[in-house]
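*Asks:* Let the sequences and hints guide you as you build the complete structure.
Protein chains: 2
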Amino acid sequence: MSIPAPSIPKGTRDFSPVEMQRRNFIFDTIREVYTLYGYQPVETPAMENLSTLLGKYGDEGDKLLFKIVNSGDFLSAVGVTNMESLGSAELAPLICDRGLRYDLTVPFARFVVQHRNKIKFPFKRYQIQPVWRADRPQKGRYREFYQCDADVIGSNSLLNEYELLLIIKEVFSRLNVSNRILINNRKLLSGIAEVAGVGERITDITTEIDKIGKIGMNEVVKNLTAKGIPESSIAVIRPLLELTGSNSDKMERLSEILSNSATGMRGVEEMSELLGYLKEKESDGVIFDLSLARGLNYYTGAIIEVKAEDSDIGSICGGGRYDDLTGVFGLSDTSGVGISFGADRIYDVMLQNDLFPQAKLTGTSALVVNFGGDTTPYALGVVAALRRAGIRSELYPDSVRLKKQFSYANANKIPWIIVAGEDEMAAGKVKVKEMDSGSERDMTLNSFIDEYGASL
Amino acid sequence: MSIPAPSIPKGTRDFSPVEMQRRNFIFDTIREVYTLYGYQPVETPAMENLSTLLGKYGDEGDKLLFKIVNSGDFLSAVGVTNMESLGSAELAPLICDRGLRYDLTVPFARFVVQHRNKIKFPFKRYQIQPVWRADRPQKGRYREFYQCDADVIGSNSLLNEYELLLIIKEVFSRLNVSNRILINNRKLLSGIAEVAGVGERITDITTEIDKIGKIGMNEVVKNLTAKGIPESSIAVIRPLLELTGSNSDKMERLSEILSNSATGMRGVEEMSELLGYLKEKESDGVIFDLSLARGLNYYTGAIIEVKAEDSDIGSICGGGRYDDLTGVFGLSDTSGVGISFGADRIYDVMLQNDLFPQAKLTGTSALVVNFGGDTTPYALGVVAALRRAGIRSELYPDSVRLKKQFSYANANKIPWIIVAGEDEMAAGKVKVKEMDSGSERDMTLNSFIDEYGASL
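From first to last, the protein sequence lines stand for chains W and H.
Under the numbering used here, think of the first position of the first sequence as 9, with each following residue one higher.
Under the numbering used here, think of the first position of the second sequence as 9, with each following residue one higher.
Simulated from the structure, these hints should not be mistaken for lab results.
Check the hints yourself; a few may be wrong.
As the list makes no split between identical chains, a pair holds if one copy fits it or if it spans any two.
Unchecked claim - Once the Cα atoms are required to be at most 20 Å apart in a straight line, the calculated PhoX-like pairs of lysine-lysine come out as:
| # | residue 1 | residue 2 |
| --- | --- | --- |
| 1 | 411 | 126 |
| 2 | 147 | 18 |
| 3 | 289 | 18 |
| 4 | 128 | 411 |
| 5 | 126 | 421 |
| 6 | 128 | 412 |
| 7 | 222 | 147 |
| 8 | 128 | 421 |
| 9 | 412 | 126 |
*Replies:* Written as structure tokens, this is what we have:
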């Protein structure tokens with residue numbers, strides 16, 4: 009009987025050692041910068057109660073949740089007469105109490121409310137974990153992918169927004185990814201809708217504004233018209249979205265136009281304060297963009313989005329301030345602000361642009377050749393000494409042909425081969441071969457460690 | 009309307025920052041040692057096709073798999089007439105194509121077979137990821153928990169077993185966890201069953217032997233009798249399991265008794281070779297224990313189990329050699345050997361015995377007090393300089409009462425408070441306060457960094 013080749017579910021991925029080394033370089037960088045800025049790690053379970061997740065991501069999001077069927081005799085709770093009349097949509101909530109998390113934001117809000125009595129606010133947490141969405145898989149979109157979130161909750165200070173911008177700059181500087189950071193403020197958008205006389209249509213308007221980058225201003229204007237936004241309102245909104253000039257030019261113009269909107273003027277104040285914190289060099293690449301809306305309606309203040317330069321991959325980080333994320337779980341009046349790095353997209357940008365530093369990928373540094381027989385104790389001593397010096401190393405486990413052992417080093421990109429055979433043993437030395445250059449030298453193991461150890 | 013307090017599914021856990029710091033200390037230690045020994049990371053998806061998982065863990069295991077209900081109209085595939093007559097057990101496989109992984113071993117076997125053409129053997133991989141089991145939750149047993157596995161596949165050399173023992177010793181030495189490592193060989197157990205005339209009953213026998221530690225030898229003998237193992241066979245088996253003396257004494261006795269069993273004698277050779285690799289100091293705490301069986305029937309050679317001393321928590325690491333793990337996926341004749349650290353149990357042991365080194369837990373090192381107003385740029389400069397020096401630090405985001413800011417530092421165990429108010433700004437200095445001792449000093453920020461930076 010032939011056994012079918014095994015596979016994994018559509019939209020999921022295995023990660024090979026090389027891919028993992030690259031991914032870990034990204035995760036480690038983000039983690040280091042988060043902790044450098046005082047954010048602390050938390051983790052939540054992969055599965056949440058469905059009641060925690062449902063209704064938080066819109067109707068479409070509810071459909072994209074992965075639901076876990078209850079254990080044991082899950083049908084007993086349904087009732088046979090019921091069964092025949094139920095469709096899948098009605099049956100699912102009766103037989104599934106749990107689902108896989110869809111993002112890290114809702115579980116974090118749940119976490120904060122559940123543990124509010126043990127948490128000291130302001131609470132600065134980061135969380136790097138996978139999320140799952142039953143989306144149709146396509147290029148760059150997966151059903152399992154990692155999010156890397158940092159949020160501070162319980163502080164209204166705009167210093168938090170400022171520091172999150174610094175974190176973004178620091179992470180991408182360490183990763184060597186060229187980028188531009190777009191910032192805006194939801195209160196400015198609300199103010200603009202207000203002075204255009206369509207304040208109550210803010211959700212429709214921001215949803216459309218969000219598409220400017222993709223479909224262009226003309227299409228957006230058509231859509232707004234189709235949605236019943238009056239021409240006179242569009243005539244007020246459009247020129248503001250197209251404002252040019254320096255950040256301070258834009259602010260000046262806005263404070264004139266929004267002077268009659270209290271919300272709008274609060275937006276002006278917030279944006280001025282935030283821009284004021286950015287020292288000259290820090291403001292490089294930070295662009296105040298009034299057309300930045302982001303579809304997420306829970307944002308109430310700052311909005312942040314980062315785009316990769318030299319790439320068509322688009323948004324690689326985003327975030328903003330939300331004033332009532334925990335309200336739905338029973339804790340109101342708790343403002344938060346956060347960002348999320350899209351690790352998978354950053355990976356794609358870095359791969360496209362060849363940005364992974366080979367030296368920082370932590371594969372094995374040295375392979376000790378196995379000649380077997382009497383040389384084994386000597387070779388074991390060599391590999392033990394290398395490890396004591398902190399050098400990641402292996403003794404090839406079998407005493408097979410040298411060609412095979414070299415081919416193993418090659419395939420695994422191991423930069424050094426250490427030969428510790430009979431001649432070397434007799435001389436109390438080793439022969440070291442640098443795979444890149446092909447150069448060979450006889451030396452004591454200690455001189456090798458002294459000379460190269462620090463760089464491995 | 010009052011909103012019910014949010015909760016998480018039974019048997020799952022949230023991890024707070026302090027718990028995460030401790031857990032990361034364990035994971036980082038294991039990861040560092042694995043890479044030091046040349047093991048490379050891989051990851052597999054949380055969900056596997058159910059066909060990959062079913063039938064691999066016995067009937068009981070099949071029941072404990074978390075199954076994910078298919079997306080969309082999952083009932084359409086079932087048929088209405090069918091529905092009424094189906095029980096939960098029959099319906100589940102019709103509406104669930106995927107399940108959450110139950111361990112890391114089966115996904116790894118699937119990975120090796122699926123990617124066999126891209127893998128260079130021997131393949132040394134490690135994998136640190138959560139697994140899910142719908143077990144009844146109880147103290148120390150969770151429905152989501154982490155496994156930390158290392159396996160080498162495609163090499164028969166016993167040097168692999170030897171190095172895995174060194175890895176175990178190195179990890180627990182770094183974690184400061186007292187332990188004893190029990191080793192045995194499945195071939196010795198098979199040989200014993202053979203010479204006792206009950207070779208075909210090896211599975212029943214090892215299942216019972218596995219219980220000696222829990223229920224004692226007398227109960228095990230009763231069970232063996234109840235299972236129909238003849239008294240004459242038990243009379244051969246029992247004294248062997250109770251062998252005392254040094255490892256070499258045991259080996260000598262065994263090679264006499266097993267001389268007529270080819271399998272048993274291969275076990276003697278393997279065990280002798282492995283014990284021979286262990287240098288004097290390395291064999292400290294490594295105990296050859298013939299009563300170690302482990303219930304897992306896929307082991308065919310070495311068996312390893314590590315128990316924590318000073319604790320009733322029991323097994324904290326285990327492993328062994330298996331000769332045909334990938335056969336079920338269509339790749340036969342591929343021998344592997346591996347170990348798995350139980351991170352959650354190691355955590356419990358370390359907490360019980362107060363083994364977490366405070367200095368290695370990576371919380372924030374310094375809190376800069378926020379006085380607001382004109383001092384903000386000065387304070388921002390201070391926190392920026394601390395971070396440039398690699399010191400994990402925060403500026404308290406709001407300019408609230410000092411008492412509140414100190415209480416935040418206290419709650420988050422931040423060891424240093426840096427005061428950068430008007431007086432300090434005028435003097436170009438900072439006041440540093442060590443929270444533990446309560447001592448305060450005025451100094452330049454650079455002297456603080458020079459004096460304490462390296463230790464933070």
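*Asks:* Checking each numbered hint in turn, tell me which of them this model violates, lowest number first.
*Replies:* Per hint list: single violation, 3.
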